[in-house]
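Q: Below are the chains, spelled out letter by letter.
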Amino acid sequence: AQSVSQHNHHVILSEAASLELGCNYSYGGTVNLFWYVQYPGQHLQLLLKYFSGDPLVKGIKGFEAEFIKSKFSFNLRKPSVQWSDTAEYFCAVLPMDSNYQLIWGAGTKLIIKP
Amino acid sequence: DGGITQSPKYLFRKEGQNVTLSCEQNLNHDAMYWYRQDPGQGLRLIYYSQIVNDFQKGDIAEGYSVSREKKESFPLTVTSAQKNPTAFYLCASSPWTGHDGELFFGEGSRLTVL
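Chains A and B, in that order, are what the protein sequence lines are.
In terms of the numbering used here, the first sequence has 60 at position 51, counting the first letter as 1, and numbering is strictly consecutive.
In terms of the numbering used here, the second sequence has 687 at position 106, counting the first letter as 1, and numbering is strictly consecutive.
Take the hints with a grain of salt, since some may be wrong.
If we take Cβ atoms under 7 Å as the criterion, some of the chain B residues that face chain A in the derived model are [unchecked claim]:
{"hint": "1", "residue": "G621"}
{"hint": "2", "residue": "Q622"}
{"hint": "3", "residue": "L624"}
{"hint": "4", "residue": "E643"}
{"hint": "5", "residue": "G644"}
{"hint": "6", "residue": "D681"}
{"hint": "7", "residue": "G682"}
{"hint": "8", "residue": "F686"}
{"hint": "9", "residue": "E688"}
Residues from chain A that keep clear of chain B, each with C-beta distances beyond 12 Å, as calculated [as the list claims (entries may be wrong)]:
{"hint": "10", "residue": "Q15"}
{"hint": "11", "residue": "G37"}
{"hint": "12", "residue": "G71"}
{"hint": "13", "residue": "E75"}
{"hint": "14", "residue": "R86"}
{"hint": "15", "residue": "A101"}
{"hint": "16", "residue": "L103"}
{"hint": "17", "residue": "K122"}
These aren't lab readings, by the way, just hints derived from the structure by calculation.
Glycine included, each C-beta is placed from N, C-alpha and C at the ideal position.
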């Protein structure tokens, strides 16, 4: 079965630390890839997305993600986190088959200590 | 402002009662979705609708029902048959199913069964 795995359920960092959140998926075909973010008390929103082309994509608020096809990975990165990055981050994959339904990772709760 | 409105934000229900969660969108999107979010499990698809008067079961449809009588509205009923209804419910929309996969979310409804 298709699945998305996020390696860490909880991450705690200090401000200015670098961030990398892992995401791996199991699907051999073409995919669209997403990172969504849910800030406390707010709705889930798109952080960045990858469809094709340059495997390094940039999103809002200084986040970026790299698609490594050979590793089935789409890791999220940010060089220097801020307290306002405290949120839950979800990786999602859209297999480009007839179903067209997103497959979601379990989420990573990120806490940034001021 | 364009967006998705879910109500109520918080809802308490006694065992054996049905409850209906409202979802309205003014984005003129064709497709609408209901997800359930449980801690550590990511988002699971309950039902989705690609067009008015049509909807399909997702991965966890048992104990739930929906209707799509209007393009803007996609209410979800949690029936007494749902064995573990306490959860956070998210409504989403997209221009159409098979779109690039980006979803737009409401702020969610938290249902607690007493």
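Q: If a hint holds in the structure, say so; if it does not, say that too.
A: Hint by hint, here is what the structure shows:
Hint status for G621/B relative to chain A: holds, with the closest Cβ pair at about 6 Å, below 7 Å. Annotation: Q622/B was flagged as interfacial toward chain A, and the flag holds, the nearest CB pair being 6 Å apart, inside 7 Å. For L624/B, the interface hint holds, since its Cβ comes within 7 Å of a Cβ in chain A; the closest pair sits about 4 Å apart. With a cut of 7 Å, the hint placing E643/B at the interface with chain A is violated, because the nearest CB-to-CB distance is about 17 Å.
At its closest, the beta carbon of G644/B sits 20 Å from a beta carbon of chain A; the interface hint therefore is violated under the 7 Å criterion. Using the Cβ-Cβ criterion of 7 Å, the hint placing D681/B at the interface with chain A is satisfied: the shortest such distance is roughly 6 Å. Nearest Cβ of chain A to the Cβ of G682/B: about 4 Å, under the 7 Å cut. The hint holds. Interface restraint check for F686/B: the shortest CB-CB distance to chain A comes to about 4 Å, inside 7 Å, so the restraint holds.
For E688/B, the interface hint holds, since its Cβ comes within 7 Å of a Cβ in chain A; the closest pair sits about 5 Å apart. Separation of Q15/A from chain B is inadequate, the least Cβ-Cβ distance of about 8 Å not exceeding the 12 Å criterion. Distance to chain B confirms G37/A as a non-interface residue, since its nearest Cβ pair spans about 18 Å, more than 12 Å. A cut-off of 12 Å between C-beta atoms confirms that G71/A is not in contact with chain B; the least separation is 20 Å.
Against the 12 Å criterion, E75/A stays outside the reach of chain B, whose nearest CB is about 18 Å from its own CB. Separation of R86/A from chain B is adequate, the least Cβ-Cβ distance of about 21 Å exceeding the 12 Å criterion. The beta carbon of A101/A sits about 8 Å from the closest Cβ of chain B, which is not more than 12 Å, so the claim that it is off the interface is violated. Consistency note on L103/A: stated as away from chain B, yet its beta-carbon is not over 12 Å from all of that chain's, at 4 Å minimum.
Against the 12 Å criterion, K122/A stays outside the reach of chain B, whose nearest CB is about 22 Å from its own CB.
Checked against the numbered hints given earlier, the structure breaks hints 4, 5, 10, 15 and 16 and satisfies all the rest.
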